[in-house]
Amino acid sequence: MSISPIGLVNWVTTQSFGFSNATNVSGQQTTNQIRLNTIPTSNAGPNAIISAPNETFWFVEFSAGKLGEFFAQNDSFKEFPIPENHSIPASLAMDRLGRVWFSDQSGNGSIWMFDPETEHFTQYNTPTPKSTPLFLLPDDHNNIWFTESTANNLGELSYPGYKMTEYTLPTSDSGPVEIAFGQNQSVIWITETFAGKIASFDLNSHTFAEFSPPSFVSLRSPVGIVADRFGNIWVSEHGGSAVIELTPSNSTFRIYPTSVPNNEYSISAIATLAIDSQGRLWFVEHFANKVGRLDPITGIMEEFQIPSSQPAYSVLNALDSLGNFWFTEFGSNQIGEVPYNASSPLRTSIQLVQGSQVSSGSTIDAEVTITNSLSSPISVALNTTSSFSPTGLTSTQQIALDTSSVSLPAGGKETIGARITPNATLPSGIYSVGIVATYENSSTIGLAFISVKGQFSFVGWIASNYQLVVIAVIVILAATYLAMSRRSKPNRRKTNH
Amino acid sequence: MKERYSLRLKIPLQTRSLVSLITASLSFWVLFNRVTSEFFSVQLQISFLKVVAKCPGLPYGSTSGGPDYIDIAVDLGLAVVAAVFIALTIRDIRRRRNAGTVEDSENQESDDL
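Order-wise, the sequence lines are chains Y and V. Here the first sequence is numbered in this note's numbering, starting from 153 and rising by one per residue. Here the second sequence is numbered in this note's numbering, starting from 45 and rising by one per residue.
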């Protein structure tokens, strides 16, 4: 079946940060802008976007049942209605032959192929009904791998005949959502959003392995997953506020918390991750309506507020050939772009004064240095984040700053004190603490890792197990009562008159 | 032949009443805490599922799990313990009052004599 494009629309909105065209201390010009392009079909529900050659981008319209194409050269769109009523395209990918594949969650679930040259759609139904297919991943041999999120399967469409095979994950109802190749495409990494685990699938032996987080890592609803060039696996926590690093060789986890939005959700809810050529991780914080970028080498996370009213959301974002970050905004019906060189004018670093080891319930001191790269004095708001709680919410008891705001001279810096006190009940592990410095529409989070040694505290144990303790007291009291009843049964005396 | 309670029953009855009252109160307190925390936990789970539902394309909640029978059993046990000890407390208070009435009447009789 051949479908013609129904629209060619040029409609661009450009919004800039408050610190756009600023000059940093090294004299480098930064042009920090988020460009937003509105999709021609209203309420189309753009859900996922991929980058294609020649500054072209493909995206799915979840609510409108269309496949979209965006031409960045002239900011114009083409749309292709999917030839099935009420189709629900969720995500997409492009194979090495230039064909666009997308998942369709309508009905029992299917995978579609769209050939841009012929504009022909081909549908492949999943053998398992109600499979809710989501993420797709073509390999170098043009096989298409995909997840069946409610059928608990990893699926494969084998090139060239596209025979469909399903591989069931070991944990039942694990909720496989996103997938990524490990090094050399020998392994597929999978986030199990219901199980809160990370799975790997060996493409040679067709066997699964699973990684469960230790007690100090929550891993709530993991969704996004990418592998870096060192073989580390990066996962986004959609039910929390963190990007989490897994080192598979020793099964260690590290948490990189975002700032926590001050709204009804209290989590940033990162859905998906993209990794650029420098190893930096880009993501959209759904409930914070920000674009975030984590540089694992410097340990600095930057966040850029998205200038739209609806919280930005997408299940797949893209990086173009220049490294610019592209994302869809489901609610605002837009496609957004952040330039690769976007940066906050602030730098935040944390220096732990007494080393990085602390016992739970004890306090260590830190020095926080905030640097202003602008050529004008600014006032910076300070906040905290950490992995002490699953949501990232951090109390002033856990991290106490000397001040909640600081004035910085042009090109100057300021150092303030911080006292870090992990909860007395925290189990041993590597925790992260972050100081969020915000100026206008961007933030910089300086991160530090501390090794917390959980120690047994009787009071802490009582506090965390008070119900058990009280139930034990109830049992003792009940036994005491029964014993007293037996001892003091009515002492009946016979009295003769 | 006349049966009457000995005088030394008065002090154990007070102690027993106190013990049963504390037991009932603690049971009720733990039960209340558990029920409220379970309620808020369910509310949190519902709000979380609503949050997830705002994320189109992602699966909506897990179908795994089911009723937590151990927690339900603990809650029921606590409710039974609280009810039994409330009843025992009331019974002991009544007995103590009756014992007091008997003692008073005995004292009255001895005064009359």
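Warning: the hint list may mix true and false statements.
[Said to hold, decoys possible] Looking from chain V toward chain Y, a few residues come up when the C-beta cut is under 7 Å (computed): (1) R60; (2) S61; (3) L62; (4) V63; (5) S64; (6) L65; (7) V74; (8) G101; (9) A117; (10) A131.
[Said to hold, decoys possible] Where chain V lies over chain Y, by a calculated footprint (3+ residues, C-beta under 8 Å): (11) 400 to 414; (12) 535 to 541.
These are computed hints drawn from the structure, not numbers from a lab. Every residue gets a Cβ at the ideal spot worked out from N, C-alpha and C, and that includes glycine.
> Which hint numbers doesn't this structure obey?
Replying inline: 2, 3, 6, 9, 10, 11 and 12
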